[in-house]
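Going line by line, the protein sequences match chains B and Y.
Residue numbering for the first sequence is 1 to 114, as defined by the numbering used here.
Residue numbering for the second sequence is 1 to 117, as defined by the numbering used here.
Fair warning: there could be bad hints in the mix.
[Said to hold, decoys possible] Over 10 angstroms on every C-beta distance to chain B, these chain Y residues come out as not near it, computed from the model:
| hint | residue |
| --- | --- |
| 1 | Asn53 |
| 2 | Glu62 |
| 3 | Ile94 |
[Said to hold, decoys possible] In silico DSSO-like cross-links for lysine-lysine, where the CA-CA straight-line distance does not exceed 30 angstroms:
| hint | chain 1 | residue 1 | chain 2 | residue 2 |
| --- | --- | --- | --- | --- |
| 4 | Y | Lys71 | B | Lys101 |
| 5 | B | Lys101 | Y | Lys83 |
| 6 | Y | Lys14 | Y | Lys83 |
| 7 | Y | Lys57 | B | Lys69 |
No lab work stands behind these hints, which were simulated from the structure alone.
Each residue gets a CB set at the ideal place from its N, CA and C atoms; glycine is no exception.
Listed here are the chains, written in short residue letters.
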Amino acid sequence: DAKTTQPNSMESNEEEPVHLPCNHSTISGTDYIHWYRQLPSQGPEYVIHGLTSNVNNRMASLAIAEDRKSSTLILHRATLRDAAVYYCILRDEALIQGAQKLVFGQGTRLTINP
Amino acid sequence: DGGITQSPKYLFRKEGQNVTLSCEQNLNHDAMYWYRQDPGQGLRLIYYSQIVNDFQKGDIAEGYSVSREKKESFPLTVTSAQKNPTAFYLCASINPRSPLSGANVLTFGAGSRLTVL
Numbered sequence: 001d002a003k004t005t006q007p008n009s010m011e012s013n014e015e016e017p018v019h020l021p022c023n024h025s026t027i028s029g030t031d032y033i034h035w036y037r038q039l040p041s042q043g044p045e046y047v048i049h050g051l052t053s054n055v056n057n058r059m060a061s062l063a064i065a066e067d068r069k070s071s072t073l074i075l076h077r078a079t080l081r082d083a084a085v086y087y088c089i090l091r092d093e094a095l096i097q098g099a100q101k102l103v104f105g106q107g108t109r110l111t112i113n114p
Numbered sequence: 001d002g003g004i005t006q007s008p009k010y011l012f013r014k015e016g017q018n019v020t021l022s023c024e025q026n027l028n029h030d031a032m033y034w035y036r037q038d039p040g041q042g043l044r045l046i047y048y049s050q051i052v053n054d055f056q057k058g059d060i061a062e063g064y065s066v067s068r069e070k071k072e073s074f075p076l077t078v079t080s081a082q083k084n085p086t087a088f089y090l091c092a093s094i095n096p097r098s099p100l101s102g103a104n105v106l107t108f109g110a111g112s113r114l115t116v117l
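Isolated chain Y (complex conformation) (with noise of 0.2 angstroms):
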């Protein structure tokens, strides 16, 4: 079945060091989504992607990084520079290119949990 797989699903980091969540996608979609979500709050959008090596920040991009080598995958790198970290993680997709049809939905991973101790 088709879908979007985020890895690991729980990834606890000393404060100071980097590290990097994986989103892979078999659904072929083009578009892909990097959202930050607090406890008890709604999504924030940190990147997004159209096509492969082009991406756009987002509302809060600052602290994070991500790359765009495959139309699979769409890594998200949280660096040092992120002073709160902790925080649950999703990545989704979408395919924008059929024409007019408003059937083009998100699909979302199923989340990683980052904690920073």
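Same shape as in the complex, but just chain B (with noise of 0.2 angstroms):
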């Protein structure tokens, strides 16, 4: 079961900012939260991670709210390439040893307008 709930879709326009929302209510101390996204027929790739801190890196920027149990992903300036499924996921860093269920949910499909 995943432990993210995210919107099923959401629209933007070319060139304006894109505010991806994830709820976490469950998360633990240990929880990394990591997005994804996926273009169409392909494989998901990484987009970002944080901890408690917010995070910039070049495709994006992560917003964690101070009680961890909500995030936003924030495209700066969305182009047509961005229009993917974006997946938001927990990743436990405390579990070393041993293999994790890394599950997935629905995520979010978006759409950007030109």
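Mind docking these for me? Both chains are given alone in their own frames, and the hints should help you get the complex.
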């Protein structure tokens, strides 16, 4: 069972910012929040991850709520190439030994209008 | 370049036949995963493995089998017991051992699309 919930779909316009929310109310202290995106007919690719502080990289920013029960992936200026399904998952970094069951939810299908 | 190779990319099967999907990684990752994706849906976990000769069932393991004889390889067999096998299958790997770095992320293959005729 997915530990995260996301809206099924969102729509935005090209060159505008996009905020993709994710709820993870049962997050534990050692869970990292990971985001992946999947372009059509491809395997998912890593976008960004974080633990407590907000994170930035060349692809996106991740804003994490103070209580860590939700997070938001921010695409600062969406392009048509950002149209994809975005997944938010939790990964427990304390589980070093033993395979961890990594469960994806339905994700958010992002549509970008020209 | 390191990565995950899935083959074949497209596969057609007649009902009642077993098929095996290949997944090979040269990333020296310990953990490997198989997911199934149906059209317009998210990823569902079939099987996962931490080390050689060890694997666990995911959420939808019925009708599937796996083996982990080598660290680099994690083949998935779709058996005739899987009633609706037409789907997109994704293999992934991750190195879980870096201590508390959070830097370990899943790497996915390009996927195998299976169609039952």
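Check each numbered hint from earlier against the structure, then list the numbers of those it violates in ascending order. Those not satisfied come down to hint 3.
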